[in-house]
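Start from the sequences, fold in the hints, and give me the full structure.
Chain residues, written in single-letter form:
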Amino acid sequence: MNILSACDAISRARHDAVLVATMGAMNAFDRLGAGQPRINSVPLMGGAPSIGLGIALAQSAHKVIVVDGDASLLMQLGSLVTVAGQQPRNFYHFVIHNGTQFTGLSNLPLAGDSHLDFTQMAEAAGYRRVHRHDDLEVFSEALPGLLAEPGPTLVELVVESDAPVFGPDHPQQDWADLQFTRMGDEASKLANWLLRK
Amino acid sequence: MNDTTFHIPASSYLEALRRNGVDYFITVPDWVQLALHTRIEQGVAGIHQVTCCNEDQALSVSAGLRIGGRNPIVAIQNQGLFACVNSLRAIGLDAKIPIVFLIGQFGREFANFGLDPGQSRRSMVRYLEPLLDAMSVSHWRLEREQDLRFVDEAFAFALEHKRPAALLVGAPTGWN
Numbered sequence: 001m002n003i004l005s006a007c008d009a010i011s012r013a014r015h016d017a018v019l020v021a022t023m024g025a026m027n028a029f030d031r032l033g034a035g036q037p038r039i040n041s042v043p044l045m046g047g048a049p050s051i052g053l054g055i056a057l058a059q060s061a062h063k064v065i066v067v068d069g070d071a072s073l074l075m076q077l078g079s080l081v082t083v084a085g086q087q088p089r090n091f092y093h094f095v096i097h098n099g100t101q102f103t104g105l106s107n108l109p110l111a112g113d114s115h116l117d118f119t120q121m122a123e124a125a126g127y128r129r130v131h132r133h134d135d136l137e138v139f140s141e142a143l144p145g146l147l148a149e150p151g152p153t154l155v156e157l158v159v160e161s162d163a164p165v166f167g168p169d170h171p172q173q174d175w176a177d178l179q180f181t182r183m184g185d186e187a188s189k190l191a192n193w194l195l196r197k
Numbered sequence: 198m199n200d201t202t203f204h205i206p207a208s209s210y211l212e213a214l215r216r217n218g219v220d221y222f223i224t225v226p227d228w229v230q231l232a233l234h235t236r237i238e239q240g241v242a243g244i245h246q247v248t249c250c251n252e253d254q255a256l257s258v259s260a261g262l263r264i265g266g267r268n269p270i271v272a273i274q275n276q277g278l279f280a281c282v283n284s285l286r287a288i289g290l291d292a293k294i295p296i297v298f299l300i301g302q303f304g305r306e307f308a309n310f311g312l313d314p315g316q317s318r319r320s321m322v323r324y325l326e327p328l329l330d331a332m333s334v335s336h337w338r339l340e341r342e343q344d345l346r347f348v349d350e351a352f353a354f355a356l357e358h359k360r361p362a363a364l365l366v367g368a369p370t371g372w373n
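For the record, the sequence lines run as chains X and P. Here the working numbering is used: position 180 in the first sequence is 180, and no number is missing along the way. Going from the second sequence to the working numbering is simple: count from 1 and add 197.
By construction, these hints were calculated from the structure, which means they are not laboratory data. As the structure is a prediction and not an experimental result, all values here were calculated from the model. Not one of these hints is a red herring.
Listed below are several chain P residues computed to face chain X (Cβ distance under 8 Å; list not exhaustive):
{"no.": "1", "residue": "C249"}
{"no.": "2", "residue": "C250"}
{"no.": "3", "residue": "N251"}
{"no.": "4", "residue": "Q254"}
{"no.": "5", "residue": "A260"}
{"no.": "6", "residue": "I264"}
{"no.": "7", "residue": "A287"}
{"no.": "8", "residue": "D291"}
{"no.": "9", "residue": "I294"}
In silico negatives: residues of chain P with every beta carbon more than 12 Å from chain X:
{"no.": "10", "residue": "S209"}
{"no.": "11", "residue": "W337"}
{"no.": "12", "residue": "Q343"}
As a list, the in silico DSSO-like pairs of lysine-lysine whose alpha-carbon atoms are at most 27 Å apart:
{"no.": "13", "chain 1": "X", "residue 1": "K197", "chain 2": "P", "residue 2": "K293"}
{"no.": "14", "chain 1": "X", "residue 1": "K189", "chain 2": "P", "residue 2": "K293"}
{"no.": "15", "chain 1": "P", "residue 1": "K293", "chain 2": "P", "residue 2": "K359"}
{"no.": "16", "chain 1": "P", "residue 1": "K359", "chain 2": "X", "residue 2": "K197"}
The beta carbon of each residue, even a glycine, is placed where N, CA and C say it ideally should be.
Below is the structure:
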């Protein structure tokens, strides 16, 4: 399973759930053309689960799907506790676990990755359900049932990293302004979408 | 100097929150606001509490609630503001999501009450307003009970301008 196929499976199963993504998952959902209701935590590693929690509490009739990164979640590991403390039944937290930072760009190793198990962390924090998948077919089959269960749920998705592209023949380019402005634009659009419902 | 002048009652804070339609109290608990925290812990109709592990999470939860149509306030202390500068930059300034803070001036010496916090001998007190100024975050001091009118002003400012607004709790909230 790679990040694009994992996000594609989530995209197919989400229906009108609010999607809160970050980093690699954000780029994958962009490539997949995932639309409203959606917001991305960018450039803000670690913010996705807490933004998702706020939306889930404010709009309990809507499911909220957070697609986090492993490095991002490590930056705000306490967010597992903050989420679990509220026990939002409409909250589904997917973590893309590829063991790298700047995945597909430079693939720097993640801190302490050889020992990491996000499902155990989430379970210990108090999530109602945890799942771990590394096979696309099995994950895709399980997904509708998993989203039918009450949360808070954490799903660790073990994926292969895309090959790095940066190097002497392909140095970094400037970022597009969109990377720095999109969260605000998306917040306005998502608020309008939610409050029209 | 009568120190009790500066200990604005928790009940008066609560009235100011109610007046402004606050429905979520998002917090990493603050020593300066202990009386207000305790009052809200006891249960206040219409105000839900979300306790977070750190201030980054408090800002982000507040943003999600605001996107979802709620009216939260974030109660933290000055050390916490120092800890969440990047989230404040991303959510409050770049993404233009209104965040209203109650920030306790933890460490402020009682002898400084009624004086300029910039004259405090303690760095965490002294640096707060310059940091907010550097980030262009508007702020108001809550020093005496009549200053609670600034709560209304901060909410109006944040919502109108889509910017953060910080209310600085200058002395321990009163247990009445």
